[in-house]
Amino acid sequence: MATEERRKEILETLKNAVIQYDEDAAKEFSQMALDEGMDANDAIFNGLVSGMEEVGRLFEAQEYFVPELLMCADALYVGLDILKPHVKQLDLGIRGSVVIGTVEGDVHDIGKNIVKMMFDVAGFQVYDLGKDVPLDKFVEEHMKTHSDLVCLSAMMTTTMVGMKKVIDDLKAKNPDVKIMIGGAPVSQDIAEKWGADGYSPDATNALKDAINMISSLKKMKEEAEAKKGS
Amino acid sequence: MTPRETVMKALEGGKSDRVPVSLFGGGMWSIKDSGTTFKDLSLNAGKMTDMLVSLSGKLLCDIVYAGSGYNNFHAAALGGGIKFREIGAPDLESHIVATEEDILKLDLSKIDTEAVINTVKNALRETKARIGKEYLVTMTAWGPYTLGARFVGEETMMKATFKKPEFVLKVVDFATNLLIHLYEPVVSDGTLELLSIADPTASGDLISKKQFEKFALPYLKKLTDWAKSKNVHTLVHICGNTTDRLDLFPRTGASCISLDHKTDIAKAKEVLHGKMCFAGNVDPVHIMLQGSVKDVEDASRRVIQTAGTDGGFILMPGCDIPPTVPYENIQKFIQVAREWKL
Numbered sequence: 001m002a003t004e005e006r007r008k009e010i011l012e013t014l015k016n017a018v019i020q021y022d023e024d025a026a027k028e029f030s031q032m033a034l035d036e037g038m039d040a041n042d043a044i045f046n047g048l049v050s051g052m053e054e055v056g057r058l059f060e061a062q063e064y065f066v067p068e069l070l071m072c073a074d075a076l077y078v079g080l081d082i083l084k085p086h087v088k089q090l091d092l093g094i095r096g097s098v099v100i101g102t103v104e105g106d107v108h109d110i111g112k113n114i115v116k117m118m119f120d121v122a123g124f125q126v127y128d129l130g131k132d133v134p135l136d137k138f139v140e141e142h143m144k145t146h147s148d149l150v151c152l153s154a155m156m157t158t159t160m161v162g163m164k165k166v167i168d169d170l171k172a173k174n175p176d177v178k179i180m181i182g183g184a185p186v187s188q189d190i191a192e193k194w195g196a197d198g199y200s201p202d203a204t205n206a207l208k209d210a211i212n213m214i215s216s217l218k219k220m221k222e223e224a225e226a227k228k229g230s
Numbered sequence: 231m232t233p234r235e236t237v238m239k240a241l242e243g244g245k246s247d248r249v250p251v252s253l254f255g256g257g258m259w260s261i262k263d264s265g266t267t268f269k270d271l272s273l274n275a276g277k278m279t280d281m282l283v284s285l286s287g288k289l290l291c292d293i294v295y296a297g298s299g300y301n302n303f304h305a306a307a308l309g310g311g312i313k314f315r316e317i318g319a320p321d322l323e324s325h326i327v328a329t330e331e332d333i334l335k336l337d338l339s340k341i342d343t344e345a346v347i348n349t350v351k352n353a354l355r356e357t358k359a360r361i362g363k364e365y366l367v368t369m370t371a372w373g374p375y376t377l378g379a380r381f382v383g384e385e386t387m388m389k390a391t392f393k394k395p396e397f398v399l400k401v402v403d404f405a406t407n408l409l410i411h412l413y414e415p416v417v418s419d420g421t422l423e424l425l426s427i428a429d430p431t432a433s434g435d436l437i438s439k440k441q442f443e444k445f446a447l448p449y450l451k452k453l454t455d456w457a458k459s460k461n462v463h464t465l466v467h468i469c470g471n472t473t474d475r476l477d478l479f480p481r482t483g484a485s486c487i488s489l490d491h492k493t494d495i496a497k498a499k500e501v502l503h504g505k506m507c508f509a510g511n512v513d514p515v516h517i518m519l520q521g522s523v524k525d526v527e528d529a530s531r532r533v534i535q536t537a538g539t540d541g542g543f544i545l546m547p548g549c550d551i552p553p554t555v556p557y558e559n560i561q562k563f564i565q566v567a568r569e570w571k572l
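Protein sequence lines, in the order shown, are assigned to chains H and D. For the first sequence, counting from 1, position 20 maps to 20 in my numbering; every step adds exactly one. For my numbering, add 230 to where a residue sits in the second sequence, where the first one is 1.
One chain only, chain H, in its complex shape (with noise of 0.2 Å):
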């Protein structure tokens, strides 16, 4: 077992490479946590997903961009291939899953993968329909999964009106759907105005939002269930 000191030496390691994008040293300390007998778990959340949330914060702050995230994307992943297989139950204490997907006409997903980065970390099952997706498939894949969320992106100001249609076809098909969008020319605003439950300006609070929706629709079900038994 490592010691408490090498524990936070190891995992200081593993925040600053995903931080500065370092995937050798990602590889090397994931590695190494594992056979210095360290939990798989602990090594991922204390470790990288805590570099990740940084990056979040870099991101805000306009110190980082795309090209930057993506490489620390990377950096997380090298990391979570090797730590992943050590893991008993990867768990925020809710398990979801979730339908995502970039509208038809976008095929922008790079703000949609980090999304589902970010559920794959959480432990959610992520049905992920990539980009340009017909708009009817959203439908046809949450009706098949029964997925608790559908996730709808796009970036562009000509495509986003897709989503509307999206929104109103799943409504009237499963009203208890808990829809998120997000995407550039989104906003609060339109969320609100074309009936999503809720809109994310970044991943970070995408997974958030998911969270507590997903929280409450097991809330909803558990006091129906309730009511049934009484």
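Hints in this document: simulated from the structure, not taken from any laboratory.
Calculated lysine-lysine pairs in the BS3-like style (CA-CA distance at most 27 Å, straight line): (1) K262(D) - K164(H); (2) K262(D) - K131(H); (3) K165(H) - K262(D); (4) K394(D) - K131(H); (5) K492(D) - K164(H); (6) K313(D) - K164(H); (7) K444(D) - K335(D); (8) K164(H) - K524(D); (9) K393(D) - K84(H); (10) K131(H) - K269(D); (11) K137(H) - K262(D); (12) K27(H) - K394(D); (13) K193(H) - K524(D); (14) K262(D) - K193(H); (15) K193(H) - K492(D); (16) K393(D) - K131(H); (17) K164(H) - K269(D); (18) K313(D) - K137(H); (19) K269(D) - K165(H); (20) K131(H) - K492(D); (21) K165(H) - K313(D).
The model shown is predicted, which means the values in this text are computed figures rather than measured ones.
Please build the complex by placing chain D on the supplied structure of chain H, with the hints as guidance.
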């Protein structure tokens, strides 16, 4: 003054008799409004011309854009293929450049024989012949960084700016040469007075100021230098919040920089006025799409009041507009500027 003269005056930094005004591109809106499709027009220069001419009469937009929505054909012509779709502009099917060797294999002369590109050029010439005295007729293309990223794939290219920066510079340089090759015939025969370039992948929301300066700016400069040598103006649109890099825009050499609604237009006036023409920046979604006619009027007035009363300015939406923007909103947007005497 004709609408054309009004814009030309602004491009030269001067004051026209009223505020110049235009959409940026507007291809998707126009095609939807005309009840046609991108595919339908793609090989029919006559029909494309008719659409541009009749919409020009309907919108009274000072600039008329041939080819808006067809920009991906410039990369597709060299391989990669095109996918038409029901919603949205035609897209590139695949990314064909992964290495420096791949760049060397690309044949620029294919641009000259690509059927859709030639349809756009013919429509441009015919439109110019019909309404070119009255309106400023231009042809659209992606900017060098965006076009380069179309060849490589946006995500791959962004990572390559760290992993293989020399490769990225070569790709963007190649894209610049492609643009010059594309525009050369319609510049040489006197058709074009203005190149219209959109560089959305070089957005202020996507890449840092430092990366913009290294990977986008020198190639915009190369393109505008060429245009200047031919006595042709350049209009460049950069998406996203670019307030932090306004000081770099005069170095692009563009005649006019079109700014996103997120950019601080008061700051833009402060930094750019007297150095270059600038355009913007009414919110294309919040105001143009979702706002009332009154909202459009108020927002347009606000922008003009802040940035447009001293010349060297064109009123534009902050980006291309969604196809579902109400016609009445565009009408009001144009009207506010047309009636604003300088």
